[in-house]
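Each chain, written out:
Number of protein chains: 2
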Amino acid sequence: MSPELARKAKTSRARSARGERAREGLKQAALVVLERDGYHKMRIADVTQEAGVAQGLFYHYFKDLKSLTLEVLTDFAMASNDPLQIEKDVSRGDWYARIYAHNLVIVRSYAKRPGVMRCLLQLADEDEAFSGMLRENYRNQLMWLVELMPKLFPKARFRKHQALMVVYSLAGIGEGLMREYFINESKTLRAARLTVEQFAELLTTMFYRALFLQNPEEKQLEYTRNLTAMVKPN
Amino acid sequence: MSPELARKAKTSRARSARGERAREGLKQAALVVLERDGYHKMRIADVTQEAGVAQGLFYHYFKDLKSLTLEVLTDFAMASNDPLQIEKDVSRGDWYARIYAHNLVIVRSYAKRPGVMRCLLQLADEDEAFSGMLRENYRNQLMWLVELMPKLFPKARFRKHQALMVVYSLAGIGEGLMREYFINESKTLRAARLTVEQFAELLTTMFYRALFLQNPEEKQLEYTRNLTAMVKPN
DNA sequence: AAAATAGTTGAATTTGAATTCAAAATCAAT
DNA sequence: ATTGATTTTGAATTCAAATTCAACTATTTT
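Read top to bottom, the protein sequences are chains A and B.
For what it's worth, the numbering used here labels the leading residue of the first sequence as 13, then goes sequentially.
For what it's worth, the numbering used here labels the leading residue of the second sequence as 13, then goes sequentially.
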């Protein structure tokens, strides 16, 4: 077989409903194993065992662990990714609500499937294409703001790429904290015992402050209402 | 051998100067391979080849790849980690300079050895103890600020752990951006072509804004001076 | 109900890399 | 120069896990 064809034959689809069910069973099992063990510890035997089928069956449907994982995690990453859906209840011009809505979605993902979120990072680190796909998504989530920045702050007269850098730096506010809280389960941080809503609120408030140099309106705040008083003294 | 002893026998030290040199040679080679290939692609053969010795010699000095890597990366992580050293030129009370000094150190690390920085994350993801050590360091870099927060903003009357969460969220400002810029080498971001100083300045300005709800003094700024005008309109 | 097609099994094989180890080389001390 | 300890070699071995495949079962078609 030419290398050309070999690349295409990644994965074979099922040819019947029964087969389709088996294939889905393996994907579901993979998700369980990924959540529990992470990508690097996962073995083909783990997946087939979890699915309750023989090892050989794996190869009937997937080329190798990586292509299965790629498929499972791509599905996962795409699932909660539609900006229109995310912002459906947000009134035009309400920046706080808009940012909050985005943050809440991602905090929920971390809270619900920390192991899988970790696997996204693991696989992105292994696979160039997957990394590119994730980062492209991430970038798309940010570009609306990047493009708005010059209109939003005309006085600032951003230099080329400056708005981009600023937005990326803001986006980082959440990532690190969520990893530490949900994935690493830092003792010190977990002691705070935040709900996902409180968590999202905190991130949003900090984001808002760095972006606008203002606090969000107090009436929109609960958990972080007191942060309004966090202003440089003298 | 008892499991107790087995655990201690991780790694054998060299018993002569010559041996010590060979051992260091392997560590040095490992650093090269880590920077180039990353932890997961590294093989014992790669290290010995890079060091120009036979495969077997590896086991004379190290138990396995993981313990070698642990040693190499622990050295690396500890090297640039002394807060006193970092803040040596900072005048008391100059918050901007203080934060900038910290940021500059880490931006430099990323710029100089992006591959190794990536490996820190890879190994932390594999090894609980190493992860704990890194996170402990990270935490120590932040705790001075956490502890100062209630005095700095008495009006805010932080709830338990709130200051901690806030500081962690601030710390995230840099991490994500540095990964995207130096490790993933994002095309769009690299187009900005920032110097390490500009990079550190950007992070510091954003950090400062979110923390104090104020811009740093304009005279301290270069690359981000125009960001002073980034304030919510209306 | 026979034939054809698709799905499934699990033992046997292959693979790629870690690990061992007997023998050779080097070195420091006497 | 000889001895004994240490370092170094690299071919042989082991090992865990991936991969193959011939035989078997289930389902659908004719």
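Keep in mind the hints are simulated off the structure, nothing from the lab.
Some hints here could point you the wrong way.
In this list, chains with the same sequence are indistinguishable; a pair is considered to hold if it fits within one copy or across any two.
What the hints assert, rightly or not - In silico DSS-like pairs for lysine-lysine, Cα to Cα no more than 27 Å straight-line:
1) Lys244 with Lys78
2) Lys172 with Lys124
3) Lys199 with Lys124
4) Lys167 with Lys78
5) Lys231 with Lys244
6) Lys53 with Lys78
7) Lys244 with Lys167
8) Lys172 with Lys231
9) Lys100 with Lys199
10) Lys100 with Lys244
11) Lys53 with Lys75
Note that the structure is predicted; figures quoted are calculated from it, not measured.
Hints, one by one, checked against the model:
1. Lys244 with Lys78: neither (50 Å within a copy, 46 Å between copies)
2. Lys172 with Lys124: between (38 Å within a copy, 25 Å between copies)
3. Lys199 with Lys124: within (18 Å within a copy, 32 Å between copies)
4. Lys167 with Lys78: Classified as neither: same-chain Cα gap 49 Å, cross-chain 53 Å, threshold 27 Å.
5. Lys231 with Lys244: both (22 Å within a copy, 18 Å between copies)
6. Lys53 with Lys78: both (12 Å within a copy, 15 Å between copies)
7. Lys244 with Lys167: both (24 Å within a copy, 11 Å between copies)
8. Lys172 with Lys231: This pair counts as between: shortest inter-copy Cα distance 22 Å, intra-copy 36 Å.
9. Lys100 with Lys199: neither (36 Å within a copy, 32 Å between copies)
10. Lys100 with Lys244: So Lys100 and Lys244 pass the 27 Å test across copies only (24 Å; inside, 36 Å).
11. Lys53 with Lys75: Close inside one copy (18 Å) and across copies (20 Å); limit 27 Å.
Violated hints, listed in ascending order, are 1, 4 and 9; each of the other numbered hints is respected by the structure.
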